[in-house]
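Protein chains in written order, with the working numbering: chain A, 1 to 394; chain B, 1 to 394.
These are computed hints drawn from the structure, not numbers from a lab. Keep in mind the model is a prediction, meaning the values are calculated, not measured. Check the hints yourself; a few may be wrong.
Identical copies carry no separate label here, and so any pair may be met within one copy or between two of them.
Heads up, simulated DSBU-like pairs for lysine-lysine below, C-alpha to C-alpha not over 35 Å straight-line [to be verified]:
(1) Lys389 with Lys370
(2) Lys206 with Lys189
(3) Lys206 with Lys370
Residue-level listing of the chains:
Number of protein chains: 2
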Amino acid sequence: MIKRPLPEPAALQQQYAAALLSDVLPFWETHSIDPEGGFLTCLDRRGEVYDTDKFVWLQARQVWTFSMLYNRLERRPSWLDIARHGAEFLRAHGRDGDGNWYFSLNRDGDPLVQPYNIFTDCFAAMAFGQYALATGDDEARHIALTSFRNVLRRRDNPKGIYSKAVSWSRPMRSFAHPMMLLNLSRELKEFIPPDEWESMNDGWAKEITDLFIDRETGLVFEHVSPDGSHPDTFEGRLLNPGHGLEGMWFLMELALERNDTALAAKSVDTILRILEFAWDREHGGIFAFMDAHGKPLQQLEWDQKMWWVHLETLLALLMGSVRLGRQECWTWFERLHEYTWQHFPDPEYGEWFGYLNRRGEVLLPIKGGKWKGCFHVPRCLYRCSELLKGPFPS
Amino acid sequence: MIKRPLPEPAALQQQYAAALLSDVLPFWETHSIDPEGGFLTCLDRRGEVYDTDKFVWLQARQVWTFSMLYNRLERRPSWLDIARHGAEFLRAHGRDGDGNWYFSLNRDGDPLVQPYNIFTDCFAAMAFGQYALATGDDEARHIALTSFRNVLRRRDNPKGIYSKAVSWSRPMRSFAHPMMLLNLSRELKEFIPPDEWESMNDGWAKEITDLFIDRETGLVFEHVSPDGSHPDTFEGRLLNPGHGLEGMWFLMELALERNDTALAAKSVDTILRILEFAWDREHGGIFAFMDAHGKPLQQLEWDQKMWWVHLETLLALLMGSVRLGRQECWTWFERLHEYTWQHFPDPEYGEWFGYLNRRGEVLLPIKGGKWKGCFHVPRCLYRCSELLKGPFPS
Chain A
1 MIKRPLPEPA ALQQQYAAAL LSDVLPFWET HSIDPEGGFL TCLDRRGEVY
51 DTDKFVWLQA RQVWTFSMLY NRLERRPSWL DIARHGAEFL RAHGRDGDGN
101 WYFSLNRDGD PLVQPYNIFT DCFAAMAFGQ YALATGDDEA RHIALTSFRN
151 VLRRRDNPKG IYSKAVSWSR PMRSFAHPMM LLNLSRELKE FIPPDEWESM
201 NDGWAKEITD LFIDRETGLV FEHVSPDGSH PDTFEGRLLN PGHGLEGMWF
251 LMELALERND TALAAKSVDT ILRILEFAWD REHGGIFAFM DAHGKPLQQL
301 EWDQKMWWVH LETLLALLMG SVRLGRQECW TWFERLHEYT WQHFPDPEYG
351 EWFGYLNRRG EVLLPIKGGK WKGCFHVPRC LYRCSELLKG PFPS
Chain B
1 MIKRPLPEPA ALQQQYAAAL LSDVLPFWET HSIDPEGGFL TCLDRRGEVY
51 DTDKFVWLQA RQVWTFSMLY NRLERRPSWL DIARHGAEFL RAHGRDGDGN
101 WYFSLNRDGD PLVQPYNIFT DCFAAMAFGQ YALATGDDEA RHIALTSFRN
151 VLRRRDNPKG IYSKAVSWSR PMRSFAHPMM LLNLSRELKE FIPPDEWESM
201 NDGWAKEITD LFIDRETGLV FEHVSPDGSH PDTFEGRLLN PGHGLEGMWF
251 LMELALERND TALAAKSVDT ILRILEFAWD REHGGIFAFM DAHGKPLQQL
301 EWDQKMWWVH LETLLALLMG SVRLGRQECW TWFERLHEYT WQHFPDPEYG
351 EWFGYLNRRG EVLLPIKGGK WKGCFHVPRC LYRCSELLKG PFPS
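Throw the hints in and build the complete structure from the sequences for me.
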């Protein structure tokens, strides 16, 4: 395959912005609004609804996306209407009597799956945080903060009564928690006292650098022992490259804000290290899961190429290129950009495919489902289009 | 590809028996016995241990396999020793204080995952049932029956406190339960009063034929509403062809014993219907999961070709051919035999691969893991080699 040189940054910026505004957002605006309330996110290739279950992660993420774009890109009333449409549904149906967020609801809003998953509360807090910024709605702000405090309170036992793990025999910590909290606290920064905000983020950044970025290999482990060691077990060896790459741009963002050049460099070095390890040299793309020792995995989808992994990586690399001037990031960005734009967008029916097999062929012809909704694609397109405006390091 | 005609039944019988005795059993005898107790089932392509966690499903299934072969094929003392080695470990470490079976243990036998899974109790009951038959050990018989009664008692709420489903909003029944109970009660037939045994099996057979085999499509649904209807949801549309095919030979076995020709014919018709629907006409093999309406699935592994699915199908088809004289079963058996023997056995290092991608390439180069152990391969090889002895219908 002949490698075409990338277009100039201004043209690239145009490409990302146009995809967001003329392709991706219209797809969700057209197909996902349920007149009965909330969003229908199980959309097939053409945007037709193939299932009406409502997964609270995706309801909340869509509220977040439209609120965030309203706050940061353009105060378009129709975007706020969509955010309100989802927020009202969530407010009415999303929580149990204790304020915990259900994992899924049926079309009418009746709960289907209990609040076993702490990330649902995280996405709800993000959604209502951005929605409160957009509307000044005090109740939304209250919901965001209550959900955030719930997450902090539940963190040491996130699955609570639904946990199947025996607590004492192999205690493990998950990278997903400090990673998510780093991002969530940034979302709610306006609502958290500055001292508390700084000290929380100190803790999570330290947890990530001390425990999860492995000193020896430079890789991000998905689970570690409380002392940061790596038990030689399925969970202890597991790498989730997409998580590592996404988490590193969360960390880089904090480092950039604090002018912490050592932390920023560590984030970028880790991104490059993960890519070296997780890039599929045979078929291109980034593997979904890997074993740090190259042992066989439990995850049967380990070799699949997933949209969010590639999108988070584009954003991480562009941040490293533009904000830190790291040439290796731009070199990798070119490769990722080629792969991602060649494989994921669907020029025929719009929006992006989510799940490809190892060879890059479409595995599930969906635009939305249980885990893919209106979130990673628009977030990446928006953030990349902003970064591509420069200024570029000379 | 030129289709070679199958060898004569006597040669086929030899092929299945030799694979069992000269390849598959020696692999587990050589590599899986943990001198510290129990079995190491996470074995890579060469038989080397790549993880030491002990999954109770697989501990129990290996006890069952060696006990069953001792009971039915040959009273080889080394087989009984292996069964005892596993049974002792399970007896010492496998249960919580209430007699429920943990899902997994570490190498030393400390519990890792709580008894959330009712099938663990099923496999433990099967294991101790065959082991009790082999040894006459009263305690083993007691463990088998207690576990069986526990399964019956827990059946209406199998995950108990670990269930994440909201009970009232979408009650569903799972095919896996009556299917498993049909097989389990056959395993424990010697220990259950005949009247009770007959009436239990009447109930489960009726449940399968009335609720799970769909009148309209002839397919077996994985989950149905309590009235047998199919809600248009991910779970309500789900087909697990391997489960359907395996369950149908359990049902055929009951029908043959009872000389219930209508039920036997229904089992075979369902097998053929599932195969027509679930055979991959592009790459061969049987899909792991399908949607009854052809909608996209949640299961990312839906297009993979799994060992157990193909082995259960070989056995189901051979039973239909030999015991019922159904020509269509033989025609399909030839096709399945070709596909299975071409793709799953590993002539280089012995035993069989478990997980292939859609094209039939090895996806995970393991002989054992969290779900694959010493069970489906030897059970199928043994049962097929017995059926191939005939007599054949004229």
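Hints, one by one, checked against the model:
1. In this assembly of identical chains, Lys389 and Lys370 lie within 35 Å of each other by CA distance solely inside one copy; the values are 34 Å within and 49 Å between copies.
2. For a Cα distance limit of 35 Å, the shortest separation of Lys206 from Lys189 inside one copy, 19 Å, qualifies, whereas the shortest one across copies, 60 Å, does not.
3. For the homomeric pair Lys206 and Lys370, the shortest alpha-carbon distances inside one copy (33 Å) and between copies (34 Å) are both at most 35 Å.
The structure meets every hint from the earlier list without exception.
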